[in-house]
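Fit chains B, C and D to the known structure of chain A by using the hints.
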Amino acid sequence: MIYNIPYFAVAALILIGLYAVVFKRNLIKIVIGITLIESGVNLFLITLGFRENSVAPIHTAGTTEKTLMSLPVPQALTLTSIVIGVAVLALMLSLVIHIYRHYGTLDVRKIKEVDE
Amino acid sequence: MLEFLDPFLKTLQTDSGFWNPILWGFAFVIIFLIAYIIRGFGKQAYKEKTEQTKAFLSGNPEYEKEQMHIKGSNLYWGFMEIMKFAYDKFNKMHNGNTGDYVLWFVIILGIFFIVLGVL
Amino acid sequence: MSEMSKIVKTISNIAFPLVLIFGLYVIAHGHLTPGGGFQGGAVVASACAMILVAYGSVWTMKKIKEKHLSLFESVGAIGFIGLAFLGLLFGLVFFKNFLLGEGLIFSEIGQGLSNINTAGVLPLMNFAVGLKVIAGLFAIILVMAYATNKLKGGEN
Amino acid sequence: MDFLATLVNHSPALIIAVPLLGAFLTPLIGKINGKVRNVFVILVVACTSFLIALLAYNVFTNGALSADAVTNNIQTYVFGAKDIGTPAVRIAFEVDAMNAFMALIAAILPLAAVVYSWAFMKDETGQDKYYTLILLMTAGMLGMMLTGDMFNFFVFLEITSIATAALIAFRIDQKYSVQAAFKYIVISSIGALFVLFAVALFYGQYNALNMAVIGDSIKYTMLDKIALVLLIASLALKTGIAPMHMWLPEAYGRAPSSVTVVIIGTTLGSLYAMFRMIFTVYGKHIWDLGKTMALQLPQLLGILLVALAILTIILGVFMALKQSDLKKMIGFAAVAEIGYMLLAVGSAIATISLNESGVTVMTSAGQMALKGGIFHVLNDALDVGLLFLVAGAVYFAAKETSLNKLGGLARNMKYTTVFFLIGLFAVSGLPPLNGFASKLMIYESTYAINPILSIAAILCSILLLATFVKVFHSVFLGPKIPKFSNVKEVPKSMLIGMAIIAVIIIFIGLFPNLIVENIVKPASEALMNYGLYLGGI
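Chains as they are written, first to last, in my numbering: chain A, 1 to 116; chain B, 1 to 119; chain C, 1 to 156; chain D, 1 to 537.
So that you can see chain A by itself, here it is in the shape it has in the complex:
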């Protein structure tokens, strides 16, 4: 049971993130919503790689070969996803800066094209 808690957290994070993206009007909050979804997915990946009573998959001088380790592949995947997330976040925030410069507001309802 205790091992299922991360999955609830995953669901909560993704739903909160979607809620923020759909219903929040501030652009920064939308960006935060996307990062929340991203952390939810990352948490999901990490949780999948966990095995009961395992240690982190690091070979140091102290560990013997037989120690049970978590799966390293999901962690590598998560890392890649975090790297991508940083790039997306940086891009989104710089776009927000430019939007603010042009529109003078961060209200998503006012950020739109107007047909002439």
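Incorrect hints may appear among the rest.
Think about it this way: if two alpha-carbon atoms lie no more than 27 angstroms apart in a straight line, the pair counts; the simulated DSSO-like pairs of lysine-lysine are [claimed, not checked]:
1) B:Lys71 to D:Lys175
2) C:Lys67 to D:Lys225
3) A:Lys24 to B:Lys92
4) D:Lys225 to D:Lys284
Some but not every residue of chain C turned toward chain D, in silico, with C-beta under 7 angstroms [said to hold, decoys possible]:
5) Ile11
6) Asn13
7) Phe72
8) Gly79
9) Ile81
10) Phe94
Because the hints were derived from the structure by calculation, they are not lab data.
Every residue, glycine too, gets a C-beta built ideally from N, C-alpha and C.
Chains B, C and D only, in chain A's frame:
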């Protein structure tokens, strides 16, 4: 000698028909010739660049050439007017709000879940 | 962003080399411990960000040009792709680990679990990625700080 | 092993690596000279296109150039393995006829785009970044189309999204392009994250990331159903299928035209991925009807996709008719065109059923629909691409895209007008150009499946023609407008860029059977014979 042309000239066979642009081209040329001949039977009294070709606007004065151009949004005015009930809804959909765009995604996700997951 | 008080500057002066060395350590041990190019690079970039916060974006922009940073970034990226191409050249497969077991640098296999002289091209790739991440992240932070600074100036 | 065979063997990796290397070298070369950089970028893209052509030829002929890496028309490439083709837990590229077909599309579009950009971008600042991002985007798009690994697909999807969003906002001083880029990045990162979630669901169950391995071991559990829903919905979001298409016209319309041409390729890459997921990864359950209950997966899925497709066509066409901005209008037309592909493929899926002897088959109408749909992918990319290039040329010459202000440009821009007419005929499915051949296949096969579908499709195609006649009238015809009396024909490089696509359109239009027999049919068979793909790794 011209065998290499064979794959180019083969006809595209569909289930109940076929489509060959080369044949179509021949047919087009023939029909064009026929139409041209028919055009030859037209009124001989018609002369270009005379009074006959001038626009007649029910006696109203003719506009300047530059003002005669019908702008893009004036075309198909009648169609838009008739379909107004649909366009009102469509315009409401395309409101430019990012959140609403994502909301549509969530709705589609829900429909797919219900149809594929539950059934 | 304007510069902060003398206390902050002094403390960040002291902390900066420590953070820098830790970041470089993480990059260098990327093939042995959790970490690697991105993580270490992020740590180093955070050290640079600390300097940025302490001294203000205008001062930092004077010292470090964004152009040079993007140059470093492309060098890192070319290093990464170039190593992959070298794998094609020497090992006949793209991304082939051609240094492994060849007797050159990083070529040992096994021989103790925390031997740093292992893993073939992976440490080199970590260095390349580290360079790219340091330059890239710092450039992003710098440009953003500078842009928001200008934005405020425009309003006043 | 001679050089050519080696080149062909390594082409899947090189196709990604060459544009990537080019992308990172571009800023350095840009320091020398603008012209040197442009030549370099064109060379890089041409090189990539050449490699794609080699790879595609090798795949379609089942190893005419190099038989080593090809079996059953599938060429595999495993990164970093001891020997190419060894199965290993590594990133693998698996190129079958469908992948090769998509890659051929991706070979044409960036080439036309970079040639076109030479003059189109001449006066813009930040060209180094522009070319870097274009090459990155090309690499990401090709990666999406060639990869055989789920997570790798996600990575390429995100690379493409980031590069695309940055390019949409290239004209950063125009507020509409910035907001379109923001919408694009929000939409596409949400789509990509849900793809990643589905990948994680697969990994949790089957401990694998390779598409072939997952497809081989898939059991269609509840989690797989969720993954299917997530994959289809998020890839449909990325493809711009109604009612999730609203970002697409804005992004297409506000990006510089040369960029839009490449974005079309990335959008079609997402569409391809959707087909790959349905036909290959879930192939066992699409084609294995014996066990499932009364309401079967292919029918349900097919009906859903067809419903979305009809909605897409109608919404796209109606909104296109209303637009007053040239590029946005073409954007909505592109949405409608995507609807045609989805209509064909959806109805093909819906026809999968058991025949008398208890074997699952796709009816011959369904097979024709599948072929038509895949053929239309190629045609749509070319037609809409050409139209966007023409729109860019109009913008370049007149600095205006509003249909209410333009007029009489045909007097000064003869070649552009001709190219526009070619695009108009092709996109609205008039004979003798390529759009007609694929739309004929779609109409005929959907008529056999359900007449209403094909009637709706034909009616919307007529409206599409009306839309472009409106553009032709209000942009090119009409009296000389004083504001545009000094407009000149666009420079040569832009004309060459448009001519590349126009020539291919006319070629396909004149010899449709050549393309259908040699390229489209193998691609559709590759989708139908999922077992071959699963056996590839």
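>> Between the alpha carbons of C:Lys67 and D:Lys225, is the straight-line distance 27 angstroms or under?
In response: Judged against 27 angstroms, a Cα distance of about 49 angstroms means the pair is violated.
> Should the interface hint for C:Phe94 be scored as holding, given a Cβ-Cβ cut-off of 7 angstroms against chain D?
Replying inline: holds, 4 angstroms
> Once the shortest beta carbon distance from C:Ile11 to chain D is found, is it less than 7 angstroms?
Replying inline: At 36 angstroms from the nearest chain D Cβ, C:Ile11 fails the 7 angstroms test, so the hint is violated.
> D:Lys225 and D:Lys284: Cα distance at most 27 angstroms?
Replying inline: Holds, at about 13 angstroms.
> If you take the shortest Cβ to Cβ gap from C:Gly79 to chain D, is it below 7 angstroms?
Replying inline: At about 9 angstroms, which exceeds the 7 angstroms cut-off, the nearest Cβ of chain D leaves the hint on C:Gly79 violated.
>> Next pair to validate is A:Lys24 with B:Lys92; report whether the Cα-Cα distance is within 27 angstroms.
In response: holds, 19 angstroms
>> Please check whether C:Phe72 passes as an interface residue: C-beta within 7 angstroms of a C-beta belonging to chain D.
In response: violated, 11 angstroms
>> Next pair to validate is B:Lys71 with D:Lys175; report whether the Cα-Cα distance is within 27 angstroms.
In response: Distance of about 25 angstroms is within 27 angstroms: holds.
>> Min Cβ distance, C:Asn13 to chain D: is it shorter than 7 angstroms?
In response: violated, 33 angstroms
> Is the shortest C-beta separation between C:Ile81 and chain D less than 7 angstroms?
Replying inline: holds, 5 angstroms
In summary, the numbered hints that this structure violates are 2, 5, 6, 7, 8.
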